[in-house]
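Trainee: Full structure from sequences and hints, please.
Residue numbers (full-length UniProt numbering), protein chains in the order written: chain A, 1 to 235; chain B, 1 to 298; chain C, 1 to 259.
Certain hints may be false.
Residues from chain A that keep clear of chain B, each with C-beta distances beyond 12 Å, as calculated [to be verified]:
| hint | residue |
| --- | --- |
| 1 | E60 |
| 2 | N110 |
| 3 | D130 |
| 4 | E136 |
| 5 | V156 |
| 6 | L167 |
Partner residues are not named here, just some residues of chain C that face chain B (Cβ under 8 Å, in silico) [to be verified]:
| hint | residue |
| --- | --- |
| 7 | E100 |
| 8 | T108 |
| 9 | R205 |
| 10 | E212 |
Note that these hints are calculated values from the structure, not bench results. Here the structure is a predicted model, which is why all the values come from computation and not from measurement. Using N, Cα and C, we set each Cβ at its ideal position, and we do this for glycine too.
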Amino acid sequence: MESIVLPGEQVPAQHVNLKLGPGLLQLSSETQQQAKSAPVIATRSGVLNHSVNKSKWWVEGNSRRYVPAPQESVIGVITGRSGEGWRVDIGSAHPASLDGLAFEGATKRNKPSLKVGSLLYARVSLAHKDMEPELECFDAQTHKADGFGELKDGFVLQCSLQMSRLLLDPKHFLLPLLGSRFALEAAVGMNGKVWVSSKETKHTIAIARCIEAVDPDGGGMDETHVKKFLSKLDI
Amino acid sequence: MRPPSPSIPEKKFLYDALKQSLRLDGRDMLDLRTPTFTFGPELGWVECAMGKTRVIAQLDAKMVKPLPERPFEGIITIHSEISPMASPDYEPGRPSEEEVTLTRMLDKVLRRSDAIDKESLCILAGQRVWQLRLTVHVLADAGNILDCSCLAGIVAFKHFRKPDVEVIGDEVTVVRIEMILLPKLTFFEQHSPSERAPISLAIHHTPFCVTFAFFPDVLTRPVVDPSLLEQRLSAGLVSIAMNAQREICVLHKAGGVPTAPEEVLRLINIASILVKDLDKRVEARLLEDWEGRKVEVR
Amino acid sequence: MSSRVELINAGLLRSDGRRPYELRTISINFGAQGTADGSVTYSHGLTQVRVSVQGPHEAKPGTRRETFHDRATLNVEVQLAPFGVGERRRRGRGDKRLLELAATIKSTFEPVVQTHLYPRSTIDIFIHVLQLDGGLLPACINASTLALATAGIPLFDFVCAISGGVHGTQPLLDLTTVEENDVPSVVVGVMPRTGRATLVQMETRLHMDRFEDVFRVACDAGKVLWSEMRDALRERTGDLVDKLEAGPGMVAVKETEET
Numbered sequence: 001m002e003s004i005v006l007p008g009e010q011v012p013a014q015h016v017n018l019k020l021g022p023g024l025l026q027l028s029s030e031t032q033q034q035a036k037s038a039p040v041i042a043t044r045s046g047v048l049n050h051s052v053n054k055s056k057w058w059v060e061g062n063s064r065r066y067v068p069a070p071q072e073s074v075i076g077v078i079t080g081r082s083g084e085g086w087r088v089d090i091g092s093a094h095p096a097s098l099d100g101l102a103f104e105g106a107t108k109r110n111k112p113s114l115k116v117g118s119l120l121y122a123r124v125s126l127a128h129k130d131m132e133p134e135l136e137c138f139d140a141q142t143h144k145a146d147g148f149g150e151l152k153d154g155f156v157l158q159c160s161l162q163m164s165r166l167l168l169d170p171k172h173f174l175l176p177l178l179g180s181r182f183a184l185e186a187a188v189g190m191n192g193k194v195w196v197s198s199k200e201t202k203h204t205i206a207i208a209r210c211i212e213a214v215d216p217d218g219g220g221m222d223e224t225h226v227k228k229f230l231s232k233l234d235i
Numbered sequence: 001m002r003p004p005s006p007s008i009p010e011k012k013f014l015y016d017a018l019k020q021s022l023r024l025d026g027r028d029m030l031d032l033r034t035p036t037f038t039f040g041p042e043l044g045w046v047e048c049a050m051g052k053t054r055v056i057a058q059l060d061a062k063m064v065k066p067l068p069e070r071p072f073e074g075i076i077t078i079h080s081e082i083s084p085m086a087s088p089d090y091e092p093g094r095p096s097e098e099e100v101t102l103t104r105m106l107d108k109v110l111r112r113s114d115a116i117d118k119e120s121l122c123i124l125a126g127q128r129v130w131q132l133r134l135t136v137h138v139l140a141d142a143g144n145i146l147d148c149s150c151l152a153g154i155v156a157f158k159h160f161r162k163p164d165v166e167v168i169g170d171e172v173t174v175v176r177i178e179m180i181l182l183p184k185l186t187f188f189e190q191h192s193p194s195e196r197a198p199i200s201l202a203i204h205h206t207p208f209c210v211t212f213a214f215f216p217d218v219l220t221r222p223v224v225d226p227s228l229l230e231q232r233l234s235a236g237l238v239s240i241a242m243n244a245q246r247e248i249c250v251l252h253k254a255g256g257v258p259t260a261p262e263e264v265l266r267l268i269n270i271a272s273i274l275v276k277d278l279d280k281r282v283e284a285r286l287l288e289d290w291e292g293r294k295v296e297v298r
Numbered sequence: 001m002s003s004r005v006e007l008i009n010a011g012l013l014r015s016d017g018r019r020p021y022e023l024r025t026i027s028i029n030f031g032a033q034g035t036a037d038g039s040v041t042y043s044h045g046l047t048q049v050r051v052s053v054q055g056p057h058e059a060k061p062g063t064r065r066e067t068f069h070d071r072a073t074l075n076v077e078v079q080l081a082p083f084g085v086g087e088r089r090r091r092g093r094g095d096k097r098l099l100e101l102a103a104t105i106k107s108t109f110e111p112v113v114q115t116h117l118y119p120r121s122t123i124d125i126f127i128h129v130l131q132l133d134g135g136l137l138p139a140c141i142n143a144s145t146l147a148l149a150t151a152g153i154p155l156f157d158f159v160c161a162i163s164g165g166v167h168g169t170q171p172l173l174d175l176t177t178v179e180e181n182d183v184p185s186v187v188v189g190v191m192p193r194t195g196r197a198t199l200v201q202m203e204t205r206l207h208m209d210r211f212e213d214v215f216r217v218a219c220d221a222g223k224v225l226w227s228e229m230r231d232a233l234r235e236r237t238g239d240l241v242d243k244l245e246a247g248p249g250m251v252a253v254k255e256t257e258e259t
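Mentor: Have a look at this one:
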């Protein structure tokens, strides 16, 4: 069941071990006893979701501005050097910083060579409202690249944040559908940037146009229409 | 802040695609984005959209004293501004280079091309003339705001109707006209329409602006109506304003890649074909809108 | 209101006695001007402009964020002397016409100057229009080319600009103010080495076919201008080289160093 909430609306979220996700706020109350039953309100408009046992609640909206959160993978563009690392534009309010050593096998002597304008697939390692977000291009425990690093060739396109979440959902139809037509590579950033690459330029263009057409903030096309759309394209 | 330049892969991909004559939005190299027009309840209010680029143009008329050196001519003023609303790349305050280009181009295409007959705006020589004020507001910039603004501007001029006036001696009375979307009323039975209907402006010709973008690679052919990414990565723009009678009104190519004279002439030819199409589309759309409206005289 | 001056008489002579394709006298004077790195006074008929070029130098604080990390920026400023134009009138810095003129000159020279040799720096081009009788933009561009060349800034090629017009069906070259007011005019800037046009500008209504005529003539005229400009620059450079080799000043310096 889907229910739409608007900012300021009360949400019937109650649980002994309540966890609130983005877009929800528990109003503070004066006494400890009341704290548990204090009302929860939505602060963003969107669709209200909760986990099966009703302990986790969140609001799924569709914005375009990215707010970094730890452990999310993002795609960014290098805008400049700063000291030992780089400054990366990930579409958030502040530029993120990427340490020169946060790569697989990077040492003080041997750092990857990245130019201004290079494209990166990275993970947000630190996101705090009072600090610049920080990125890393490896798994901090294993020191393996884990698929992160510089993205070469291909094309990057901007979509809404919801679209990038949809693309990350393995059950979503679009990428498998495209994959059944031709070989493709894709990297989806939670910041609404999608990198796609395929052997042929026209295939890459087709992918980009399909993603734009399916984007709920744009065309909002469904599966049957996309199939029709694809058959019209010269691929 | 200067907009961040596109990343290296984007640049490379776009140039590669253009080399194969492919564009990212699936258009042909010489395809315009189809413009759509939305007319407001008032006459002379039009919103023009080309893809995601959107511009509003609004025209109104006011009676003023003419300039002493031109007592028989009406006055046309054009106001345009690119606010940060169109795209975060623009800053408020000092006019940016794009804004200067836009303002000057609108002025040249709409005013200095003598598209609108200024003498017909005169009511009483030396005392009363119409001042037409056009405001062009860029709502969203997804590339090529220049063509979109010029198009919105000229359509606003064509859509506008100025009120009828009666001159008795030195007295000027305006026949008040309220233009509203009304169901077809029986008003025409009471007044003869030729006497009282608001008058469209005297327009000599309709110039349309078409912009081409050149790319650094010499073998890549120029594209028409560049998108935002194409515009950013282009190595020079050529804007040609023409009318359907194959007259060039404005040609603007400043710098950019040097072009052989034959290429310039080829572009003019292409523009003349595109402009003819645009002209038909605009006329059809204006007619459609006009038929849905009725005039009421109060 | 068209003037009553007959622009072309029956003998195909223009109001100032020129033939349709005849250009006005050009004089180029490379007098050193104060601290500028390169300067030139260029007169074309009764139009006279003075251009000084400074740079490349570090961007001034405050404008630094407008610099590029991989190339130099050009900064063009045009001033119209209040006494130089028909009616005495001061034009402020915000005058849209002058701003556009400056923007046009800037974008004309951006692909011509080898800006990538001087990253993060600025090259200033200051243009002062002393007297105006038609052909403002071509005069500014020709003078800027010469000034950039004397300042020793590497260029890919010259830019030679010329105005043209059409009277009836007769193409004209190099218009005066009187002619500019009455006939459609075109400004063409060519790079003479390749014969390609880098600047084409027209602001008045003209049929395509007529445009083609005048455009082709103007492209050729650009090459004629080139020979004039080249000769002037060659003479100046030759002069400088001679002075380097045989100048008494140089010898004197050497002697003092030896002692």
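Trainee: For every hint, state whether the structure bears it out.
Mentor: Hint check:
1. Its beta-carbon lying about 25 Å from the closest one in chain B, E60(A) satisfies the requirement of being farther than 12 Å from that chain.
2. The claim that N110(A) is not at the interface with chain B holds, since no C-beta of that chain comes within 12 Å of its own (minimum 22 Å).
3. Distance to chain B confirms D130(A) as a non-interface residue, since its nearest Cβ pair spans about 22 Å, more than 12 Å.
4. The non-interface label for E136(A) is consistent with chain B: the shortest C-beta to C-beta separation is roughly 20 Å, beyond 12 Å.
5. A Cβ of chain B approaches the Cβ of V156(A) within 12 Å, the least distance being about 6 Å, so the stated non-interface status is violated.
6. The claim that L167(A) is not at the interface with chain B holds, since no C-beta of that chain comes within 12 Å of its own (minimum 18 Å).
7. Below 8 Å, beta-carbon pairs count as interface contacts, and E100(C) has one with chain B at about 5 Å; its hint therefore holds.
8. Because the beta carbon of T108(C) sits about 4 Å from the nearest beta carbon in chain B, less than 8 Å, this interface hint is met.
9. For R205(C), the shortest C-beta to C-beta distance to chain B is roughly 5 Å, which falls under 8 Å, so the interface hint holds.
10. A hinted interface residue such as E212(C) counts as satisfied when its beta carbon comes closer than 8 Å to some beta carbon of chain B; here the least separation is about 6 Å, so the hint holds.
The structure does not agree with numbered hint 5 stated previously, though it agrees with all others.
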